[in-house]
Amino acid sequence: MKASAGGYARAESVRHALDLLAGSEGQGRVLAGGQSLVAAMNMRLSVGDLLVDISKISELSGVAVEGDILRIGALTRHAQVGADAQIKTHAPLLTAAVSHIAHAAIRNRGTIGGALAHADPAAEFPACALALGATMHAEGPSGTRGIAADEFFEDVFTTSLSEDEILTSITMPIAEQGEVQILEEVARRSGDYALVGLCLIKRAVGHRIAVFSVGPRPILATNAMAALDQGDVDAAVEALSNEIDPPSDTQASSAYRRHLAGVLLRRAVCRMKGETA
Amino acid sequence: MTEVFRDKVDVSLTVNGEPVEARVPAGQHMIDFLRMELGLTGAHASCEHGVCGACTIRVDGDAVRGCLMLAAQADGTDVWTVEGLTDAAAVSDLQDAFITRNALQCGFCTPGMLVAAEELLSKGGVPSRGEIREHLSGNYCRCTGYEAIVDAVESVALNRAGKGVA
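Top to bottom, those sequences are chains A and B.
Counting in this note's numbering, the first sequence runs from 4 upward without gaps.
Counting in this note's numbering, the second sequence runs from 50 upward without gaps.
These are calculated hints, taken from the structure and not from any lab test.
A portion of the hints provided could be inaccurate.
Unchecked claim - No farther apart than 25 Å at their CA atoms in a straight line, the calculated lysine to any residue pairs in the SDA-like style are these:
id : chain 1 : residue 1 : chain 2 : residue 2
1  : B       : 172       : A       : 83
2  : B       : 57        : A       : 91
3  : B       : 172       : A       : 26
4  : A       : 59        : B       : 61
5  : A       : 91        : B       : 175
6  : A       : 91        : B       : 168
7  : A       : 5         : B       : 180
8  : A       : 59        : B       : 173
9  : A       : 5         : B       : 63
10 : A       : 59        : B       : 67
11 : A       : 59        : B       : 180
12 : B       : 57        : A       : 26
13 : B       : 57        : A       : 48
14 : B       : 57        : A       : 21
15 : A       : 5         : B       : 86
16 : A       : 91        : B       : 135
17 : A       : 5         : B       : 178
18 : A       : 5         : B       : 191
19 : A       : 59        : B       : 189
20 : A       : 59        : B       : 157
21 : B       : 172       : A       : 25
22 : A       : 59        : B       : 191
23 : A       : 59        : B       : 59
24 : B       : 57        : A       : 22
25 : B       : 172       : A       : 66
26 : B       : 57        : A       : 103
27 : A       : 5         : B       : 173
28 : A       : 91        : B       : 180
29 : B       : 57        : A       : 67
30 : B       : 57        : A       : 98
31 : A       : 5         : B       : 59
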């Protein structure tokens, strides 16, 4: 179908965008790459929005290493994330995630900030942010704030961003020496949303496991992490099975998703140890 | 306050190498602007939610979905459609290969396929058949079963690399 927009304004800067949002009387919606928003508008799931187009704000794009922190601008496109050498070195989980996100033409337009703020529970980047222990940086009328990933994702398509705030960048600790970052997912066709996906990170202090497409938001599987820290893969799979409550839908049943989560954890552990699953 | 949000948006861009200035509705997608305002009906509007790839066009060098980009966002961009790529002979070998290999039947997906395939080929080298399939995975074809399309793209890649057999 055809999109219905209430109006459009092109923001010249973050401050300008915030002013536009403040003046939108609650109807404002931030437009970045548009790969989910325009689709939703076309399907009339979102009607009459006053669009604040931030896609031309160049200061929101780009990748930088600041000491032991990696910063990625919110408008950095998926294709740029996938091709960036610094990201591949310091957060290879994100590089791996990009190849699973939709299709090449979508990756050319979609942005990491848009994907995070959209908070699709089946999307890769929110789970990666959770696994990496990333911080989302937002700017609003009263200033800037950082929001930890485990406080950022609240529910289906719902984050702790206020309506008058804009996500400007994401930061995360750069991978330490010997750190392993692995992403595994199952989708029926290339580019489909994951039926289930899993991020596994091994750091000196312990393992981190984030699972996606198993609930209303990505989940940090803390019990499975603890079991894996003890070196007990079977216990980790059992714990993971108990700490997720996946939905049934037309794509997969709850039981199948729970089964897949365990399979993916075993595959990820095999890859982490350099074995073939 | 809301008068800063416009129903109609002025855009200035180039389409197939020609400068275009227009006033577009705020919610109009790029593909409708190209088809209905500029008469460039090569790229097709089909699923209109980013799934089928029939509307694939080139914007600032990248293959993108014409239905997931608003015309209002096209200000300052350099846009190419299959018409311009054809006139510039940028995809003639690909078009010839599609015909030779029977890589189209009804032809509805072909303009999008050509833009997507050209993006892959423009990176140079000879992609594997798996890489070709992956790159075209966002472009649906309901006629060919894809095998002939992969054949055509592969043959052009080989020819451009000087490794072709024909």
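Hint check:
1. For the hint linking residue 172 of chain B to residue 83 of chain A, the alpha-carbon distance of about 15 Å falls within 25 Å, and the restraint holds.
2. Distance check on the hinted pair: residue 57 of chain B and residue 91 of chain A sit about 42 Å apart at the alpha-carbon level, beyond 25 Å; violated.
3. About 44 Å separates the Cα atoms of residue 172 of chain B and residue 26 of chain A, which puts this hinted pair outside 25 Å; it is violated.
4. Between residue 59 of chain A and residue 61 of chain B, the direct Cα distance comes to roughly 14 Å. Compliance with the 25 Å bound is thereby established for this hinted pair.
5. In summary, the hint linking residue 91 of chain A to residue 175 of chain B is supported, as the alpha carbons are separated by about 24 Å, within the 25 Å threshold.
6. Our distance criterion of 25 Å between C-alpha atoms is met by residue 91 of chain A and residue 168 of chain B, whose separation comes to about 23 Å.
7. Distance check on the hinted pair: residue 5 of chain A and residue 180 of chain B sit about 33 Å apart at the alpha-carbon level, beyond 25 Å; violated.
8. As the CA atoms of residue 59 of chain A and residue 173 of chain B are separated by approximately 29 Å, the hinted pair breaks the 25 Å bound.
9. Among the hinted pairs, residue 5 of chain A with residue 63 of chain B is consistent with the structure: their alpha-carbon atoms are about 24 Å apart, no more than 25 Å.
10. About 22 Å separates the Cα atoms of residue 59 of chain A and residue 67 of chain B, which keeps this hinted pair within 25 Å; it holds.
11. The hinted pair formed by residue 59 of chain A and residue 180 of chain B fails the criterion: a straight-line CA distance of about 31 Å is larger than 25 Å.
12. Our distance criterion of 25 Å between C-alpha atoms is met by residue 57 of chain B and residue 26 of chain A, whose separation comes to about 18 Å.
13. In summary, the hint linking residue 57 of chain B to residue 48 of chain A is supported, as the alpha carbons are separated by about 22 Å, within the 25 Å threshold.
14. As the CA atoms of residue 57 of chain B and residue 21 of chain A are separated by approximately 21 Å, the hinted pair is consistent with the 25 Å bound.
15. A threshold of 25 Å between alpha carbons decides the hint, and for residue 5 of chain A with residue 86 of chain B the separation of about 15 Å falls inside it, so the pair holds.
16. Proposed proximity of residue 91 of chain A and residue 135 of chain B is contradicted: the alpha carbons are some 37 Å apart, above 25 Å.
17. With a CA separation close to 36 Å, the supplied pair residue 5 of chain A and residue 178 of chain B exceeds the 25 Å bound.
18. The straight-line distance between the Cα atoms of residue 5 of chain A and residue 191 of chain B is roughly 23 Å, inside the 25 Å bound, and the hint therefore holds.
19. About 31 Å separates the Cα atoms of residue 59 of chain A and residue 189 of chain B, which puts this hinted pair outside 25 Å; it is violated.
20. This hinted pair does not check out: residue 59 of chain A and residue 157 of chain B have alpha carbons roughly 33 Å apart, beyond 25 Å.
21. For the hint linking residue 172 of chain B to residue 25 of chain A, the alpha-carbon distance of about 43 Å lies beyond 25 Å, and the restraint is violated.
22. Annotation: proposed proximity of residue 59 of chain A to residue 191 of chain B is violated, straight-line Cα distance about 37 Å (limit 25 Å).
23. Of the pairs offered as hints, the one joining residue 59 of chain A and residue 59 of chain B holds, with about 15 Å between alpha carbons and a cut-off of 25 Å not exceeded.
24. Only pairs whose Cα atoms come within 25 Å are accepted, and residue 57 of chain B paired with residue 22 of chain A is accepted, the gap being roughly 20 Å.
25. Taken as a hint, the residue 172 of chain B and residue 66 of chain A pair is honoured in the structure, with Cα atoms around 23 Å apart against an allowance of 25 Å.
26. Straight-line distance between C-alpha atoms of residue 57 of chain B and residue 103 of chain A comes to about 36 Å, which puts the hinted pair past the 25 Å bound.
27. With a CA separation close to 37 Å, the supplied pair residue 5 of chain A and residue 173 of chain B exceeds the 25 Å bound.
28. Pair hint residue 91 of chain A plus residue 180 of chain B holds up; C-alpha atoms about 20 Å apart against a cutoff of 25 Å.
29. For the proposed pair residue 57 of chain B and residue 67 of chain A, the alpha carbon gap of about 37 Å is over 25 Å, so the pair is violated.
30. Distance hint between residue 57 of chain B and residue 98 of chain A is unfulfilled; the C-alpha atoms sit about 39 Å from each other, more than 25 Å.
31. Using a Cα cut-off of 25 Å, the hinted pair residue 5 of chain A and residue 59 of chain B holds, with the two alpha carbons roughly 20 Å apart.
The structure fails hints 2, 3, 7, 8, 11, 16, 17, 19, 20, 21, 22, 26, 27, 29 and 30 (numbered hints given earlier, in ascending order).
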